[in-house]
Amino acid sequence: MRRTLAILLRNPLSLLGLVLVGIVVLSALLADFITPFPAHAGAVVDFANFNKAPEWPYIMGTDLVGRDLFTRIVYAYRISLILGVVVLALAVPVGVAIGLLAGYLGGWTEYLLMRLTDVFLSIPPLVLAMSMMGVLEPTLTNGMIAVTAMWWPWYTRLVYNLARSEKEEGYVLAAEIIGASRLHVMFREILPNCVPSIVTKMTLDLGFVILIASSLSFLGLGVQPPTPDLGSMVADGAKYLPDSWWLTVFPGLAILVAVFGFNLVGDALREVLGAEQ
Amino acid sequence: MPPVVRLLAKRLGTSLVVLIGVSMLIFAIARVIPGDPARIALGPNASADQVAALRERLNLDQPIVVQYGHFVADLMRGDLGVSLYTNRPVTTDIVQFLPATLELVLVAGVMMVVFGLPLGVVSARYRNSWIDNLVRLVTLLGVSAPAFVWAVILMLAFAYFLPLFPIAGRISDTMTIPTVTGFLMVDTLIAGDLRAFGNAAWHIVLPAFALALSGIGQAARLTRSNMVETYDKPYIEMAQSYGFPERRIAGRYAFRPSMIPSLTIIGLDFAAMLGNAFLVEAVFAWPGLSRYGVAVILRKDLNAIVGTVLIISAMFLIVNVIVDLLIAFINPRIRYSQRAS
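Protein chains in written order, with this note's numbering: chain A, 1 to 277; chain B, 1 to 341.
Keep in mind that a hint or two might mislead.
What the hints assert, rightly or not - Now the stretches of chain B that chain A is said to cover, found in silico as 3 or more residues with beta-carbon under 8 Å: (1) 98–106; (2) 276–282; (3) 313–319.
Unchecked claim - In silico DMTMM-like links for lysine to aspartate or glutamate, alpha-carbon gap of 20 Å or less: (4) B:Lys10 x A:Glu110; (5) B:Lys10 x A:Asp267; (6) A:Lys167 x A:Glu110; (7) B:Lys10 x B:Asp324.
These are calculated hints, taken from the structure and not from any lab test. Don't be surprised by glycine CBs; every beta carbon is placed ideally from N, CA and C.
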């Protein structure tokens, strides 16, 4: 762990990634203290200051009802991160378990589970999430459900391939010969060897969950106002291009910064952990 | 039976199984909608009798398995039902809106291959140099923002501040082209109107590029990492010791085996682009499936939702069968193992 961190800190790109991720996570955690107008995260109206270009104290300008954009972006980070963590916490265990079962047991279990996975993978992710959001009411919880439904198959596929190659290894045969149960072999023998790949994918995915969730809300199928959300901020602002450019540019860049940060860290992790294996 | 035909048959068979699964899944999702689709379609002023009549006409009063049976029977006749939103057959709607989306996605797909693969090759050829680092940084940025953010940024930069490209639409309003295929870049050529073709091509550049950016990034990154791996193989060392030019080694010996995973990811990215087209279309007012898709979802228009998702998934599966065949052509091992089996 300490060695991994040391390697990450040596490479300028992964260092940049760690800094960006640090900024995003810390600002989301400390939103109440670092934003100038915490109340603007909710349904506040200040028509005296509406649609202002960036100027002090509104460093990113104000929106069409006079709320501070910087404040809303920081609070939107908080929502995005909660969403990302919850989605992965739900999707990863399901995907991993199905992948282990299919990869280790083989036979009919494998055929059924992997065809089921193919079904989910052959609907474009955004379209699947959109149709689910159309069925459910657009709320934060339902957004999490919709994104989770499209996310688990990727972990199934990853773990399935790992499990298929791991099960030929000597240590698995050894465990089987001394009479270990199938559950023990899957979860105590094979799973620990899949963890580095899973963790790397999770780091990368935290960024991509934020990206997909913002796409849903960009289309009006995600988190609803007045909850601040980066995707819906871009959608609302796009109608006022190019004059009120700050309405779209800052939330758009905010998405880019967060996802870019997670990607840099995930990339570096992949290289470090991959080299160790 | 020739091996390629056998491979094709096998892949089509699997795709059909998956497509049936997709139809069941999407049908199930659409049928658990809270709220009565018949009531939503008729509005709050309709009488209970009218709602009941529509429910009966749409078979909504029957068990879901029976409903699915009706759906499959209709589907076999090419009938996806009537959209409650447009009051037209869903197939008519899709035929009208799909070509614009497909044209956008296909052009973006070409961009993905044309820019993504060479970037990856260059990056691997000059690995760990500043060129490599620059390409890696740019391609990582490409995958780090959703298509709508790139669409907005490209539009601001190249349509407003530097007015090089049009802001919205598929073709200038002054031009009328008779619809044959629905693909404007094809229809303009059929009409023999080169000026209109240029105009349509000029309109598609920004939206297609916004859509392609993440795919370009993915294709380049994957090609790079595969090629770097291939470079460590003994046969590359042999080619180098024979004094073959680096260009030839990079372009032929190292590139070809690295193409296979790249092609697979291009197939998968194509699926993502079919969905992401919704985002780009919204920004550039592109008259494709997007507005229709979002509208029918918000109105809980069952037939239209099921039809749209089914068509999009079918196209994804077709692209992947094509990709599988291409891989078989490229990779002698797959080609011959098919023959042996």
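Against the structure, the hints:
Requiring three or more residues with a Cβ within less than 8 Å of a Cβ of chain A, the coverage given for the stretch 98–106 of chain B is violated, as only 0 such residues are present. Check result for the stretch 276–282 of chain B against chain A: holds, 4 residues qualifying (beta carbon to beta carbon below 8 Å, three or more required). For the stretch 313–319 of chain B, the stated coverage by chain A holds: 3 residues have a C-beta nearer than 8 Å to a C-beta of that chain, and at least 3 were required. At roughly 18 Å between alpha-carbon atoms, B:Lys10 and A:Glu110 fall within 20 Å of each other, so this suggested pair holds.
For the suggested pair B:Lys10 and A:Asp267, the alpha carbons sit about 36 Å apart, so the restraint of at most 20 Å is broken. For the hint pairing A:Lys167 with A:Glu110, the CA-to-CA distance comes to about 14 Å; that is within 20 Å, so the pair holds. Straight-line distance between C-alpha atoms of B:Lys10 and B:Asp324 comes to about 11 Å, which keeps the hinted pair within the 20 Å bound.
The structure shown violates the earlier hints numbered 1, 5.
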